[in-house]
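Asks: The chain contents come next:
Number of protein chains: 4
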Amino acid sequence: MNYASKLKVESSQQSLLDQYQRIREESVQICSKIQVEDYAAQPMPDVSPPKWHLGHTTWFFEEMLLSKFYPNYSRFNQQFHHLFNSYYKVLGAHTVQGDRGNLSRPTVAQILEYRNHVDLGMMRLFNEQLLSAEAKSLVEIGLHHEQQHQELLYMDIKYILGSNLLDTRYSFQDVPPAFQPQRGWTNFSEGLYQIGHVGEGFAYDNEKPLHQSYCYPFSISKTLVTNGEFLSFIEDEGYAKPEFWLSQGWDWVSQNKIQQPLYWSIRNGLWYEYSLYGSIPLDMNRPLVHISYFEANAFANWKNERLPTEQELEIYLNHSQLKNSQIVLNELHPNNAGKSFGEVWCWTSSQYSAYPRFKPYEGVLKEYNGKFMCNQFVLKGGCVVTPSSHYRHSYRNFYQAHQRWHFSGIRLAKDIL
Amino acid sequence: MNYASKLKVESSQQSLLDQYQRIREESVQICSKIQVEDYAAQPMPDVSPPKWHLGHTTWFFEEMLLSKFYPNYSRFNQQFHHLFNSYYKVLGAHTVQGDRGNLSRPTVAQILEYRNHVDLGMMRLFNEQLLSAEAKSLVEIGLHHEQQHQELLYMDIKYILGSNLLDTRYSFQDVPPAFQPQRGWTNFSEGLYQIGHVGEGFAYDNEKPLHQSYCYPFSISKTLVTNGEFLSFIEDEGYAKPEFWLSQGWDWVSQNKIQQPLYWSIRNGLWYEYSLYGSIPLDMNRPLVHISYFEANAFANWKNERLPTEQELEIYLNHSQLKNSQIVLNELHPNNAGKSFGEVWCWTSSQYSAYPRFKPYEGVLKEYNGKFMCNQFVLKGGCVVTPSSHYRHSYRNFYQAHQRWHFSGIRLAKDIL
Amino acid sequence: MNYASKLKVESSQQSLLDQYQRIREESVQICSKIQVEDYAAQPMPDVSPPKWHLGHTTWFFEEMLLSKFYPNYSRFNQQFHHLFNSYYKVLGAHTVQGDRGNLSRPTVAQILEYRNHVDLGMMRLFNEQLLSAEAKSLVEIGLHHEQQHQELLYMDIKYILGSNLLDTRYSFQDVPPAFQPQRGWTNFSEGLYQIGHVGEGFAYDNEKPLHQSYCYPFSISKTLVTNGEFLSFIEDEGYAKPEFWLSQGWDWVSQNKIQQPLYWSIRNGLWYEYSLYGSIPLDMNRPLVHISYFEANAFANWKNERLPTEQELEIYLNHSQLKNSQIVLNELHPNNAGKSFGEVWCWTSSQYSAYPRFKPYEGVLKEYNGKFMCNQFVLKGGCVVTPSSHYRHSYRNFYQAHQRWHFSGIRLAKDIL
Amino acid sequence: MNYASKLKVESSQQSLLDQYQRIREESVQICSKIQVEDYAAQPMPDVSPPKWHLGHTTWFFEEMLLSKFYPNYSRFNQQFHHLFNSYYKVLGAHTVQGDRGNLSRPTVAQILEYRNHVDLGMMRLFNEQLLSAEAKSLVEIGLHHEQQHQELLYMDIKYILGSNLLDTRYSFQDVPPAFQPQRGWTNFSEGLYQIGHVGEGFAYDNEKPLHQSYCYPFSISKTLVTNGEFLSFIEDEGYAKPEFWLSQGWDWVSQNKIQQPLYWSIRNGLWYEYSLYGSIPLDMNRPLVHISYFEANAFANWKNERLPTEQELEIYLNHSQLKNSQIVLNELHPNNAGKSFGEVWCWTSSQYSAYPRFKPYEGVLKEYNGKFMCNQFVLKGGCVVTPSSHYRHSYRNFYQAHQRWHFSGIRLAKDIL
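Protein chains in written order, with my numbering: chain A, 1 to 417; chain B, 1 to 417; chain C, 1 to 417; chain D, 1 to 417.
Careful, some of the hints might be misleading.
Same chains, same names: a pair is fine if it fits in one copy or spans any two.
[Unchecked claim] Heads up, simulated DSS-like pairs for lysine-lysine below, C-alpha to C-alpha not over 25 Å straight-line:
#, residue 1, residue 2
1, 359, 303
2, 366, 241
3, 208, 257
4, 33, 89
5, 303, 366
6, 257, 366
7, 222, 257
8, 414, 359
9, 33, 241
10, 208, 33
11, 136, 414
12, 414, 68
13, 33, 414
14, 33, 366
15, 241, 68
16, 136, 257
17, 303, 208
18, 303, 89
19, 89, 257
Hints listed in this document are in silico derivations from the structure and should not be mistaken for laboratory results. Quick caveat, the model's predicted, so the values are computed rather than measured.
Sequences and hints are given; from them, build the entire structure.
Replies: As structure tokens, this is what we get:
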């Protein structure tokens, strides 16, 4: 390697190290506003205790980087491999997801110590080695993985505090105002469109390869469905009319007696929404959030419109000319409120499948994305708690049809005939 | 209406009546080989008692035709509306699917009487009226609906007899021989292909509209995966290697201790397969049947190939130049054995979704297909117990990923790079 | 053995044979009023299909008598040992109770053939051998066992027909009239009382040995609680007042939304009771029947009285001077109606435990009674479908606290202070 | 009230106040050795988070004393009434037991503040009023209630730490040595014995009234069953022999794959027992502990002996001449080890029922004991973590047959014939 290219490499390595430090620190910062007791709670199986997220994201670097590339690396604790493996079956047995909340130990302090231990190892790795392309790629994945868990931390903390009877909240700042939504539709013509990740930057395996897909003429709403619109659905007894619902959706509504979005409640005839700012009066102009695919689909049927496919929504997002980094972080970043997208992940009608000629990661990370391509729906567009540097229009988020503790909402589509 | 066109109408009405009589009779014939006790059993929730099928298909004509088009029609029994409604929620409450086996009454004799009552009504309707286009369309749907249930009858009877400890069988004839499978692949080039139902004949709403879809170059196997090939997967411990499985598939295998296809068993070191002819030694050349999507997907991964999309498989079927009616009815129709497709429904990697610009049936039948477009995978190609006149290449069968009591198998695909 | 005693033995053997034939025939007779389809239904796990009872009682004689005492006995079918073993774990694996309804085979005809095969074997055993004391004791137990199942047949048939939507009934005779209940209390003084089986006749192991038990002064009601009295409890919202209920009882009421006895229903403001004669208007003078221990206990608390202990109820029954054989068979034997006890099994406050110095049967039959001495409550007094020759005042019936498909009712007690 | 009797009253009130302060402080002390994260864990539904115990015992005084007797008492937090009510249904809805672990708030600090708030209120009550007999009785019950929860704290903390993968322990002191058990039997003759609480001191409603019970001659072992004896049962494959087990016990063993006592484990062929001192090698002389009633009953059957009735065990305890306060606190109080009883609660064969003429507490506390008299077995004798001042020979502890996270063991009995 000649001097110039070594410099360049080192400069890219230094930049990666900077990212590493910034992103790792951010996870700890997110949790700094909650109490020790909040770190360990798991009020439903989908939610993981915040301290588990802090441990698991650390385990990723220990398992994928330090134990492979750092000679004589000494693990912090032999049991952590079992405790903090999420779902990588080829690595052996691991704690069942729904049991994560049963573990009072390791304590938060021990997990922060674990983070320090691994971060120290990573610093040494960065400083003592010229990282291979494989290692750098793994660091990059590890950081995006950690950013995914930052979004999960917001979701899970909201659920933990929101399912508590006491009046709790994440932020004590003022709630940012909602903006008057901008009405209208954007039309797209028939043809072959490019779908998937373009260019050199980072993307997950499931966003590739870039490929063509044929679309019929369609139209996408310029605005997200608002609380006010969804309230009309409720007032029209939409939850009680089977003709709007998927079969499994109707079963879900009936068995769980679902009558409103996850965080809505009614007291003395007035509607409230639980937010990271605590319980606030329902604002009719604010985007609807925390609904299941079943509810999104029923609402679209009731409106006599439909949800977009993931291709359609990606075409719309690419068309918007907003850079990936301009997504809106409304709930927690008041100054950015009111932009045309980014506030909620939008459900698409596309079930999560492999793109044509999809190649999963090799080795352990083969389990990262591909094995979930069954019984999940794709969401696109990012949300208020998605880290900006983590977001891409080609990003494919996915959840099961009944899940709704993520920041999920609706952007409608319709055919042009 | 002038005389010539009336004649034509009447002739088409007569032809529909002939079909009605033939198809209705066939359902009773299928059940004629089992005992009264077999008509009422429901050894797992997915299976319906044969007598329930006989009642439900009759209810369809009573509910959709007679009660609407036959003046002063008198229902056979007021309770049957509740008992024999399968899942049409807009028609009101109905017996829960898993409870169908709890009902010892109505008896088989009463249900046959019910069939006669409704058939008599239908004869009168045919003879006394010139049926409207709507009525004829409903009769046509009702007959295809009944043929779907004929396939279900075979599936459910096989399960009922096969889950019994005693040595029971549906047919006492000799087992038809298996043919040496024909190896090779058929290649298809990149481009836009027509997908969906073509022409005037009958098709369900979910096969329409005919539309274009873009495909990359692909190749489809000329032969179905055989028992012998799948046995190699088992012998390589494929059921114990998580790297081949979907996440939900691995959970399914682990929780249910799945180790082989549904009807396989091993006795004294020899493999057997339960068939409609009873338990027979496993024939290595016979197509693999009764596997879940999870197993099909794991097998394809293990082979380093993949399942076709539903578009790819439909293109292959259309290319085959076999008419729809030439599908093979091997297990019960020995003379037709050994053809290249039709023996088993082939799992595709496509999750069941609406075609572009899909319009569901209107009214009650809106619930026929569209509300199941969630958490199901498409299968194509027909199977040995599919009625020939019911089959089309555009047919979209669908089941959940864990289900395997239908005649499901594998035809592999691969990319041409 | 001298001639006289041999004669005596043979006469006793002949008498046993007569009983055998009469009791075996009675089981078939009980089922003769239902349809083939009814023989196989199992609408809840506690209920066994009638054909299973016919098979299981036959298996008892095959397993306990013929396979041990009949040289070269040839079993009717090797699989029946597995199919018709109820719960004798030392004899190996058996069909799970809740799966009995899944078995369409053997057919009713095959089971009747099985009965004939075993009865023929038993006839030969009786005619060809002088039975040992052990064998005769086993025959005696087998016949009482069959009579227990005759009561179960009535219970299970009632449940099968009663859970059907169609208007079904067991008997088409007129409903026998109810009698005006006779009010009053019978007092008993403090002291040691004899409890358990007295004398030479047949009794189960759990009724022995005869022993002393100390009682404080108590009083027992001369009449059973009537439908009318229980209706007052309902009208006072007894089902909604936790202060009357056991902790597990309250959970049971809440989770199952229990609001009335098992077979009660209300239509157009009028109460009905499902009986073996079909649905009949609720008669306020008829004894309350088909309630759980939870309901019996709550009712007694509401009345500010209590349920008797099993000792107190046995003392009352012994005091009544009615012979064991005089119990009342009201529901099906109209001429005997209105006697002071025998119409319903009365819940006692005694949890089912071993009597002092209890010795269970030896061998396989050790599992007959003793292993159920946990989480069951004792009932005493017989009911309208208890075979007269099977009944004794010392009889200890037992069910779990939530069960109520047996003919269970209430006779109240109170302390004399 | 004259001066002398007022003095006496005040002196008794002062003594109660002293007890109050000592016992309330003890609960906090027990928890002082664990981490904040341990206070909130609930690894199985039966276990309550330690912080919940601290809150619930405080709620008892707020609800039963302060809100009734303290004029204008201001509750610490209106929601705590719902959060910390355990099971008093007449007081309204409360948190489901299995959900106690989902609540990250109130924090431990808040609960300790709550304790201070209520303790301050109680101090004022004591200092400002001459307490009525009712109030003093409620304080006394509240303190015994708190001592019950102190034992629960030890049980639950042991389970929380013991179900953690990491090497955790409650005490870091040395394990006290086990003593050689003293063999032999104590005989008792036939007759009427006094059962229940004698004299003036405190006892729960369920220990009264004192009454007579008739016993046949019996013998009780002078020693508790040891680990070594139970290991012989395991080595004889006692867990795999259905003939020793109750029916429900066999189901429990089979479904949960039970193969040893709760805290036993085997590593490299050596047995270990988890204790409050962490994992220690199994000592064959130490009393067996943490077994279910099912296991206790199966062991007794295997030994061809039996469990004592609760009457027999109480007679033995009364005979022992050890005062109530002399029970042994072995595991945590090493100096007292090796006494003849008190180390483990001994299962009796008696299902928990009302004594003759039992009168439950009136008002809310009616729910304290009586409503659990169903499907529970009585244990007697106290254990190593029972507070000495809480213990009485007449004490009736009770658990369900499958539970074993309490300090439960076996003392055998046999008949003298």
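Asks: So, for every hint listed, does it hold in this structure?
Replies: Going through the hints against the structure:
no.	hint	result
1	359 with 303	between (38 Å within a copy, 15 Å between copies)
2	366 with 241	between (42 Å within a copy, 13 Å between copies)
3	208 with 257	neither (40 Å within a copy, 35 Å between copies)
4	33 with 89	neither (34 Å within a copy, 37 Å between copies)
5	303 with 366	between (40 Å within a copy, 16 Å between copies)
6	257 with 366	between (38 Å within a copy, 24 Å between copies)
7	222 with 257	neither (32 Å within a copy, 48 Å between copies)
8	414 with 359	between (32 Å within a copy, 13 Å between copies)
9	33 with 241	neither (42 Å within a copy, 42 Å between copies)
10	208 with 33	neither (37 Å within a copy, 53 Å between copies)
11	136 with 414	neither (43 Å within a copy, 32 Å between copies)
12	414 with 68	neither (50 Å within a copy, 34 Å between copies)
13	33 with 414	neither (43 Å within a copy, 51 Å between copies)
14	33 with 366	neither (35 Å within a copy, 44 Å between copies)
15	241 with 68	between (56 Å within a copy, 23 Å between copies)
16	136 with 257	neither (49 Å within a copy, 40 Å between copies)
17	303 with 208	between (34 Å within a copy, 22 Å between copies)
18	303 with 89	between (43 Å within a copy, 20 Å between copies)
19	89 with 257	between (35 Å within a copy, 16 Å between copies)
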